[in-house]
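Build out the structure end to end from the sequences listed, making use of the hints.
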Amino acid sequence: MSVPAATDRESRILGIIETARAKRPKFRDARITMAHGAGGKATAALIEGVLVPAFASPELDRLADAGSLSVDGAQLALTTDSFVVKPITFPGGSIGELAVNGTVNDLAMAGARPLALTLSLILEEGLEAGVLREEVDAIARAAAAAGVQIIAGDTKVVERGHADQMYICTTGIGRRDPRAELSPDALRPGDAILVSGPIGEHGTAIMLARGEFELGAQISSDTRSLWPAVDRLLGAAGPGLRCLRDATRGGVASVLNELARASGVAMSIREAAVPVHPAVAGAAEILGIDPMHVANEGVFVAAVSAEHADAALAALREVPGGEAAALIGDVRTEPPGMVLMETAFGGRRVLDQLVGDPLPRIC
Amino acid sequence: MNAPDSCHCITCGDDGVPMRVLRVDADRLLALCEDEAGERSSVEVALVTPVAAGDTLLVHAGTALTTLSGDAA
Amino acid sequence: MRFVDEFRDAALGQALASEIRAAVEPGRHVKLMEVCGGHTHSIYKYGIDDLLPANVELVHGPGCPVCVIPMGRVDDAIAMAHEDGVIFTCFGDMMRVPGSHGTLQEAKAAGADVRMVYSPLDALRIAKREPEHEVVFFAIGFETTAPSTALTLKRARAEGVTNFSCFCNHVTIVPPLRALLDSPDLRLDGFIGPGHVSTVVGARPLEFIPADYGKPVVVSGFEPVDILQSVLMILTQLRDGRCEVENQYGRVVPYEGNLRALEVLAEVFALRPHFEWRGLGFISQSGLRLSDDYAEFDAELRHEVPAVRVADPKACQCGEVLKGVIKPWECKVFGTACTPERPIGTCMVSSEGACAAYYNYGRFARERELV
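Protein chains in written order, with the numbering used here: chain A, 1 to 363; chain B, 1 to 73; chain C, 1 to 371.
Accuracy of the hints is not assured; some may be wrong.
[Unchecked claim] Calculated lysine-lysine pairs in the DSBU-like style (CA-CA distance at most 35 angstroms, straight line):
id, chain 1, residue 1, chain 2, residue 2
1, A, Lys23, C, Lys327
2, C, Lys314, A, Lys86
3, C, Lys45, A, Lys86
4, C, Lys128, A, Lys156
5, A, Lys26, C, Lys31
6, A, Lys23, C, Lys128
7, A, Lys86, C, Lys128
8, C, Lys215, A, Lys23
9, A, Lys26, C, Lys45
10, A, Lys23, C, Lys314
11, C, Lys332, A, Lys26
12, A, Lys26, C, Lys108
13, A, Lys23, C, Lys154
14, A, Lys26, C, Lys327
[Stated by the list, open to error] Short, incomplete list of chain B residues facing chain C, as computed with Cβ under 7 angstroms:
id, residue
15, Glu44
16, Ala52
17, Thr63
I should point out that these hints are in silico values taken from the structure, not numbers from a laboratory.
Ideal placement from N, C-alpha and C gives every residue a C-beta, glycine not left out.
Structural data, given as structure tokens:
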């Protein structure tokens, strides 16, 4: 005999909570703390509670990865980003590579072909010239690999003790691809949720680079340009694509929650289907973090209509490095705005966004 | 070991981390140990001494509370 | 393949779930309490509730030593942290516990030198590296953590470190369990015993529960299979009419505990006559202070603190949640005024607190079979 275990009171409280969470978050803190940079709830409160209302543009209200601009019929996408990762070099990459790939990826997630970047360097007094040259070379290589030109730049120097060797700020410009209309509010019940590769590598690599770890299996950042994968995806499943989002700060869990909230839908994710390298899973467990909350720099989530899911998955797997792309769940109606996960052990739990900041200065 | 600023609380979680002994400083009752992620730290072993390199200890807040036997290690 | 994988095996979980369904007396509602934050965390992380029939209910008790620190003590900590020349060290989760005027995290953002450490040894190292600063260590935790503090203080004395002191808020596990069991509004059928506290004190101190209160106890490991096995062992005791302490976590927990740890605790600490537990009120003999022999390391004697007792906010119903009398969602402020981002009370502060765990992992309607 089956009984709904939720009493009336429990259901009512859960409903009240979801209504409150669906509202625009308010920013009530007296000061900025590290939590505001974590990409989780505190960041959302800062962006949606302070910045977006203040700048009041319909474009910003969409909270998309890139802003849209139409110039004489050309549909352009513009994005900006800043990079404060510590340390500036780590297994698998460096701040310069992150800067190029991160910016290119914001454009790719908007369904825009990346064309050009601007680059601002804030350098710390005392930075060794050799270190600077290496970063500059890394930036040039990454830009060439991503097929973008750096067309403008700026340099500033700040006193010793600021800027942790260097900070980088960028702007990216791209051209919207006509093969798809992407929007975070476009998800519908029945849609498939795909992930483009194994998760948790970048954040774990940074984490380990900061400690004094010696690992059997080396974990490297997964930083890469996602445009080739997106290009292929647009070709194979364009009309069925709802939204793409790269899982940077806050990890896959954050992206899923953002999309579920924006579209007013629920998601059901199967933990066993999410690709994670055993080394990453092991390290994350020791460090006390969930890979679903760990930042990635070369993985994105794709919401795709059910009919196009197979074609989309096949396209992702054809891209070098995309062999582990997987279908990890689907979109449902209830409970709206919530992401539920079926654990590998067989029970279920809510997969929420982070509250605090487990990995500061991750990108 | 925990990530910096992690939400997870080692006391509330009553965490115990299995760690393997690499080197023992018997005079100071400290051992250099390594966890499964390869992180190394200095662990108090006064409560479980004598220990030898290769032993597996259950460590909480930097102190070994008990030795783990073969099938638990 | 790590050994722990066999304790997470889904097929084994399903098999245990079947045995549990067979072991429950039909029509009987069984309420089992676990008092260890690690168990709360596992139960939610793996969704273990889903594998139990509806008439086996898991209740989360006061196993969170961070959560039970009263607001006045947090205020004292913040006062010390703001003193000139003080480096205030604590475990991570303590940074988010609200006092009357904010948290240690906020004090840090306002300029206090607050540093997170993973062990008291880390704090002692800071004291040795920075001899011109006074380092205070915020000591929290049950008997699992107290030995670590004790050994660090012994080391500080042996190495002649004088700029180091300890703000002692260690608590012991037996008194709150007794207080819970003495409480008239409590109905429990059994206990899932704490996993790592028992490596220090052993399973023997829990024998008063079957002896004086007639409830079975099973000391449990933290993996999902451990927890299901422990539930099954309790149900089996109930069915067979037995009532005793069993040790499911025998691969780690010695029944007699660690004698040397107990000796070290007796040397460095003394019992306070009573200690305030946030949400539960004053409980006799439940808190530790530094012994007279170690008074020179007592931060409360070396630093000026307000030492004001601050009452819990009126709206807070943490005490009832901690006793398992009400569920998180039955608290009037749950999810509205009290959320993980802005916690009012202890159960929401720590990620292993009953309310935080339910909010973050368990807040969805579920259908379960009634046996």
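(message) Holds or violated: the hint that B/Glu44 contacts chain C, with Cβ atoms closer than 7 angstroms.
(response) holds, 5 angstroms
(message) The hint names B/Ala52 as touching chain C; please verify it with the least Cβ-Cβ distance against 7 angstroms.
(response) Status violated, d = 18 angstroms.
(message) Hint check: A/Lys23 vs C/Lys154, CA-CA at most 35 angstroms. Holds or violated?
(response) Roughly 53 angstroms between the alpha carbons, so the hint for A/Lys23 and C/Lys154 is violated.
(message) Would the hint linking A/Lys23 and C/Lys314 be met if the CA-CA limit is 35 angstroms?
(response) Roughly 27 angstroms between the alpha carbons, so the hint for A/Lys23 and C/Lys314 holds.
(message) Between the alpha carbons of C/Lys332 and A/Lys26, is the straight-line distance 35 angstroms or under?
(response) The given pair, whose Cα atoms are some 22 angstroms apart, holds under the 35 angstroms limit.
(message) Need the status of pair C/Lys45, A/Lys86: alpha-carbon distance at most 35 angstroms?
(response) Between C/Lys45 and A/Lys86 the Cα gap is close to 30 angstroms, so the pair holds against 35 angstroms.
(message) Given the hinted pair A/Lys26 and C/Lys45, is their Cα-Cα distance within 35 angstroms?
(response) holds, 29 angstroms
(message) Between the alpha carbons of A/Lys26 and C/Lys108, is the straight-line distance 35 angstroms or under?
(response) Answer holds: A/Lys26 to C/Lys108 is near 23 angstroms, not above 35 angstroms.
(message) With the threshold set at 35 angstroms, check whether the alpha-carbon distance from C/Lys314 to A/Lys86 stays at or below it.
(response) violated, 44 angstroms
(message) Tell me if the straight-line CA distance from A/Lys23 to C/Lys327 falls inside 35 angstroms.
(response) Holds, at about 26 angstroms.
(request) With a cut-off of 35 angstroms on the C-alpha distance, tell me whether C/Lys215 and A/Lys23 pass. (result) Distance ~46 angstroms between C/Lys215 and A/Lys23 Cα, so the pair is violated.
(request) For the pair supplied as a hint, A/Lys86 and C/Lys128, confirm whether the alpha-carbon distance does not exceed 35 angstroms. (result) Holds: A/Lys86 and C/Lys128 sit about 27 angstroms apart, inside 35 angstroms.
Violated hints for the displayed structure, listed by number in ascending order: 2, 4, 5, 6, 8, 13, 16.
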